[in-house]
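Given next are the chains, with one letter for each unit.
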Amino acid sequence: MDLAELHLPRSVAYVGLARSIVASAARLAGLGGDRLEDLKIAVSESATHAVTAAQRDAEPLVLAFGPHEGAFEVHVLSPEPARRDPAVEALREWPDEGGLGLTLVEGLADAVLFPDSAHHQMVLRFDLPARTDVPEQARRSSGAPR
Amino acid sequence: MELTLNHRKEGDRTVLEVGGEVDVYTAPKLREKLVELVGEGHYHIVVDMTKVEFLDSTGLGVLVGGLKRVRSHDGNLALVCNQERILKIFRITGLTKVFPIHETLDEALQDA
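Line by line, the protein sequences give chains V and H. Mapped onto the numbering used here, the consecutive letters of the first sequence carry residue numbers 1 to 146. Mapped onto the numbering used here, the consecutive letters of the second sequence carry residue numbers 1001 to 1112.
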């Protein structure tokens, strides 16, 4: 997997920059319109969780992102598990002032994966539309069908 | 994009115009403003979100907090929002059942 990696200071002041950079890369990869807006929110939510859950400010906020297997993927590492215990969640007062982030992420992304059992890494997947704007010469050299 | 906050009285309501991006960095300013307004006795608030460029769950949480504050004084907090991408966030989180959401400010002000 060949993803770009972004390291930013672990501060709430950098969450906006993180979503702007990731959204720019997603736009270049072919994501557009409402899906780009959905991605911005999902990235903001996962980056916010990673930043606010940090115990040590010295650790950077790390996001890896790029096209992979037909989707634009964003990997976010968090010091705290991103998924809550369902038993604890059931006891939560509703409506609460917090805790809506994961609900939003799961509602906006095409897939949300937790590759490690401790749920410290969150992978957001946004399906990319089929590209129709690849130049003819590039298609020939890559062997892609016309 | 900076967060902009402007409020004014419209009859017995207080209209809070919110513009720009509401995220974890800027949401505390919105929270402070709502706390300040309620502290000054503004219990019937209309939050006009037509100029909001970005909103995430931190902003939603602040609005829920504002609603709780005005309700503790028998007040109410309504929203004005006509952007589909913002409305979608309220729908996904189920908050369309919690907030009165209007398409225009006039509609919000006419609502009893």
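Everything labelled a hint here was simulated from the structure, so no lab data went into it. Remember, it's a predicted structure, so these values are computed and weren't measured experimentally. Treat the hints with care, as some may be off.
To be verified - Straight line, CA to CA, 20 Å or less: simulated SDA-like cross-link-like pairs of lysine to any residue:
hint	chain 1	residue 1	chain 2	residue 2
1	H	K1051	V	G16
2	H	K1029	V	L36
3	H	K1029	V	A23
4	H	K1088	V	T52
5	H	K1029	V	T52
6	H	K1051	V	S20
7	H	K1088	V	V112
8	H	K1009	V	T52
9	H	K1088	V	R35
10	H	K1088	V	A13
11	H	K1088	V	S11
12	H	K1088	V	R125
13	H	K1051	V	G33
14	H	K1029	V	R125
15	H	K1051	V	D34
16	H	K1068	V	T52
17	H	K1088	V	G32
18	H	K1088	V	L102
19	H	K1088	V	D34
20	H	K1029	V	V12
21	H	K1097	V	V112
22	H	K1088	V	V12
23	H	K1088	V	E37
24	H	K1029	V	V112
25	H	K1088	V	Y14
26	H	K1029	V	A13
What the hints assert, rightly or not - Listed next, with one range per pair, are the computed distances between beta-carbon atoms:
hint	chain 1	residue 1	chain 2	residue 2	range
27	V	M1	H	K1009	22 to 32 Å
28	V	P79	H	V1098	47 to 57 Å
29	V	G32	H	R1091	39 to 49 Å
30	H	V1098	V	P9	41 to 51 Å
31	H	G1041	V	L17	35 to 45 Å
32	V	G70	H	Q1083	49 to 59 Å
Glycine residues also receive a C-beta, built at the ideal position from the N, C-alpha and C atoms.
Outcome of the hint check:
1. K1051/H <-> G16/V: It holds: about 18 Å lies between the C-alpha atoms, which stays within 20 Å.
2. K1029/H <-> L36/V: violated, 26 Å
3. K1029/H <-> A23/V: Given pair K1029/H, A23/V is violated - Cα atoms ~25 Å apart, limit 20 Å.
4. K1088/H <-> T52/V: violated, 25 Å
5. K1029/H <-> T52/V: Within the cut-off at roughly 17 Å; holds.
6. K1051/H <-> S20/V: holds, 19 Å
7. K1088/H <-> V112/V: This hinted pair holds, its Cα atoms lying about 18 Å apart.
8. K1009/H <-> T52/V: violated, 36 Å
9. K1088/H <-> R35/V: holds, 12 Å
10. K1088/H <-> A13/V: Not satisfied, since the Cα-Cα distance of roughly 25 Å exceeds 20 Å.
11. K1088/H <-> S11/V: Judged against 20 Å, a Cα distance of about 27 Å means the pair is violated.
12. K1088/H <-> R125/V: Distance of about 19 Å is within 20 Å: holds.
13. K1051/H <-> G33/V: holds, 19 Å
14. K1029/H <-> R125/V: The hint is violated at about 32 Å.
15. K1051/H <-> D34/V: Holds, at about 17 Å.
16. K1068/H <-> T52/V: violated, 24 Å
17. K1088/H <-> G32/V: holds, 17 Å
18. K1088/H <-> L102/V: Since the Cα atoms of K1088/H and L102/V sit roughly 15 Å apart, the hinted pair holds (cutoff 20 Å).
19. K1088/H <-> D34/V: Cα-Cα ~10 Å, so holds.
20. K1029/H <-> V12/V: Status holds; Cα separation ~13 Å.
21. K1097/H <-> V112/V: Outside the cut-off at roughly 26 Å; violated.
22. K1088/H <-> V12/V: violated, 24 Å
23. K1088/H <-> E37/V: holds, 11 Å
24. K1029/H <-> V112/V: violated, 31 Å
25. K1088/H <-> Y14/V: Outside the cut-off at roughly 25 Å; violated.
26. K1029/H <-> A13/V: holds, 13 Å
27. M1/V <-> K1009/H: 22 to 32 Å: Violated, since M1/V and K1009/H (Cβ atoms, about 56 Å apart) do not stay within the stated range.
28. P79/V <-> V1098/H: 47 to 57 Å: Once the Cβ atoms are compared, 31 Å apart, the range 47 to 57 Å for V1098/H and P79/V is violated.
29. G32/V <-> R1091/H: 39 to 49 Å: violated, 22 Å
30. V1098/H <-> P9/V: 41 to 51 Å: violated, 35 Å
31. G1041/H <-> L17/V: 35 to 45 Å: Because 39 Å falls inside the window, the suggested range holds.
32. G70/V <-> Q1083/H: 49 to 59 Å: violated, 29 Å
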